[in-house]
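Q: For reference, the chains in residue letters:
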Amino acid sequence: MANNNYYLKIMNAGALHRIIGNCIEVFMQKNLEVTLEMKGVGSREGAKRLLSGEKCDIIALADQALFAELLVPDLVEDYFVFATDQIVIAYDHFSRGSKEINSENWADILLQPEVIFARSDHNLDPCGYRTLMVWQLAEKLYNRPGLTHELDSACLHYSTYPKSLDLAGALLAGKVDYAFLYSSEAKQLGLPYITLPSKINLSNPAYADYYDQAAVSVESKIPGKNIIIHGKPIEFAVGISKTTQHDDLAKQFVDLLTGHEGHAILEECGMIPC
Amino acid sequence: MSHLQKITFSSDRLIEAQLLLLLQIKSSHGYELIQRLNDADFTIEEVDPATIYRHLRRMDKEELVKSHWETGPSGPGRRLYTVTKSGEELLSQWTINIKQQKEKLANFLKTYEQYHNS
Numbered sequence: 001m002a003n004n005n006y007y008l009k010i011m012n013a014g015a016l017h018r019i020i021g022n023c024i025e026v027f028m029q030k031n032l033e034v035t036l037e038m039k040g041v042g043s044r045e046g047a048k049r050l051l052s053g054e055k056c057d058i059i060a061l062a063d064q065a066l067f068a069e070l071l072v073p074d075l076v077e078d079y080f081v082f083a084t085d086q087i088v089i090a091y092d093h094f095s096r097g098s099k100e101i102n103s104e105n106w107a108d109i110l111l112q113p114e115v116i117f118a119r120s121d122h123n124l125d126p127c128g129y130r131t132l133m134v135w136q137l138a139e140k141l142y143n144r145p146g147l148t149h150e151l152d153s154a155c156l157h158y159s160t161y162p163k164s165l166d167l168a169g170a171l172l173a174g175k176v177d178y179a180f181l182y183s184s185e186a187k188q189l190g191l192p193y194i195t196l197p198s199k200i201n202l203s204n205p206a207y208a209d210y211y212d213q214a215a216v217s218v219e220s221k222i223p224g225k226n227i228i229i230h231g232k233p234i235e236f237a238v239g240i241s242k243t244t245q246h247d248d249l250a251k252q253f254v255d256l257l258t259g260h261e262g263h264a265i266l267e268e269c270g271m272i273p274c
Numbered sequence: 275m276s277h278l279q280k281i282t283f284s285s286d287r288l289i290e291a292q293l294l295l296l297l298q299i300k301s302s303h304g305y306e307l308i309q310r311l312n313d314a315d316f317t318i319e320e321v322d323p324a325t326i327y328r329h330l331r332r333m334d335k336e337e338l339v340k341s342h343w344e345t346g347p348s349g350p351g352r353r354l355y356t357v358t359k360s361g362e363e364l365l366s367q368w369t370i371n372i373k374q375q376k377e378k379l380a381n382f383l384k385t386y387e388q389y390h391n392s
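Protein chains in written order, with this note's numbering: chain A, 1 to 274; chain B, 275 to 392.
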């Protein structure tokens, strides 16, 4: 196949940065004359950019529900769930309270006045609205009315580190003690993390009905209007843009990401291929 | 036939039999299988999604199940798993093994109760 200097653009969730990068490396070894460029975005932000007319060939997002809400059928026809993950609380060994924190007392540690913790922007990044859902579900699970409000008030403002990757950087730089991230991000950065109960960490389809009780208001595709989204098990998905000029190459890349080679890369990066 | 010789009874390995049975009843994708496994109440411990997906990938490689992408009229495409002939044969072996284990466990309980009631 003569792929003379073909160019493909991939818009991907920031949390998929290393995974997509590794897949590109494998893909380009097999397709020497194809150039792939990746653009890391907050998934909600990225889907909206496509709605505003920005072009790309492949879209890999941190929430499969964004495809149905924003992209199908006008911009994407089919999309495929390829990985899952969970929300964790990442920290480093210098974080205040890191010797005491565990999966039961985490809320009390975070609410100590000297502790700084953060989440990403729920309007841009699924990790942001998923964190709010985790707090709501924790309030129910631990029977602590008002916990969501307490955590929200004590948390750094979400605009400080709008995307989960910004947040991971802040943690590594010692600017925050704790950050709500995907477990794969914490593993990739070698950060220790607290695993939350599966009833609240959005990892388990067996608790889909329980997760559905959590609801967050986010900006919709209509400016000035919000929509309510409900908690779901975390699922990452990929689709091909209807505007691509290189459908075959885009399909080859999606096959790589969702096939055996992609599975190995996802596992190396701490995600669960599915 | 190599699958038939390797059955060892452990809770981790038993998931293989549980998944094969559920897939024999109905082809499913991983998300749905996790929900069905939870509803079936086969295990004392909570179903761990990572374990289920890992088993499904291994069973796919070993041709106990086969998979393909299923795209519906709405919603995302998901990998749909179906049990193979080898998988059905292995499930039969598992069933024999489980019946034997059930007898051994009953023997244990009987001996325990006899000793404590005597």
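In case anyone wonders, no lab produced these hints; they're calculated from the structure. All figures in this text were calculated on a predicted structure; none of them were measured in a lab. Be a bit skeptical, because a hint or two may be false.
What the hints assert, rightly or not - With a straight-line Cα cutoff of 20 angstroms, these simulated SDA-like cross-link-like pairs (lysine to any residue) come out:
#1 B/K378 with B/T317
#2 A/K187 with B/A324
#3 A/K242 with A/E69
#4 A/K251 with B/K378
#5 A/K232 with B/N312
#6 B/K335 with B/E362
#7 A/K199 with B/D322
#8 A/K199 with B/I370
#9 A/K251 with B/E320
#10 A/K199 with B/K376
#11 A/K9 with A/K30
#12 A/K199 with B/K335
#13 A/K232 with B/E306
#14 A/K251 with B/S341
#15 A/K48 with A/L32
#16 A/K199 with B/Q309
#17 A/K48 with A/V72
#18 B/K376 with B/A314
#19 A/K187 with A/E45
Q: Now tell me if each hint is right for this structure.
A: So, going through the hints one by one against the coordinates:
1. B/K378 with B/T317: 19 angstroms, holds
2. A/K187 with B/A324: Answer holds: A/K187 to B/A324 is near 15 angstroms, not above 20 angstroms.
3. A/K242 with A/E69: 16 angstroms, holds
4. A/K251 with B/K378: 53 angstroms, violated
5. A/K232 with B/N312: 17 angstroms, holds
6. B/K335 with B/E362: 16 angstroms, holds
7. A/K199 with B/D322: 12 angstroms, holds
8. A/K199 with B/I370: Measuring from Cα to Cα gives roughly 35 angstroms; hence the hint is violated.
9. A/K251 with B/E320: 37 angstroms, violated
10. A/K199 with B/K376: Cα-Cα ~32 angstroms, so violated.
11. A/K9 with A/K30: 17 angstroms, holds
12. A/K199 with B/K335: Distance of about 31 angstroms is beyond 20 angstroms: violated.
13. A/K232 with B/E306: 13 angstroms, holds
14. A/K251 with B/S341: Roughly 18 angstroms between the alpha carbons, so the hint for A/K251 and B/S341 holds.
15. A/K48 with A/L32: 32 angstroms, violated
16. A/K199 with B/Q309: Holds, because 14 angstroms separates the two Cα atoms, which is no more than 20 angstroms.
17. A/K48 with A/V72: 12 angstroms, holds
18. B/K376 with B/A314: Between B/K376 and B/A314 the Cα gap is close to 19 angstroms, so the pair holds against 20 angstroms.
19. A/K187 with A/E45: 25 angstroms, violated
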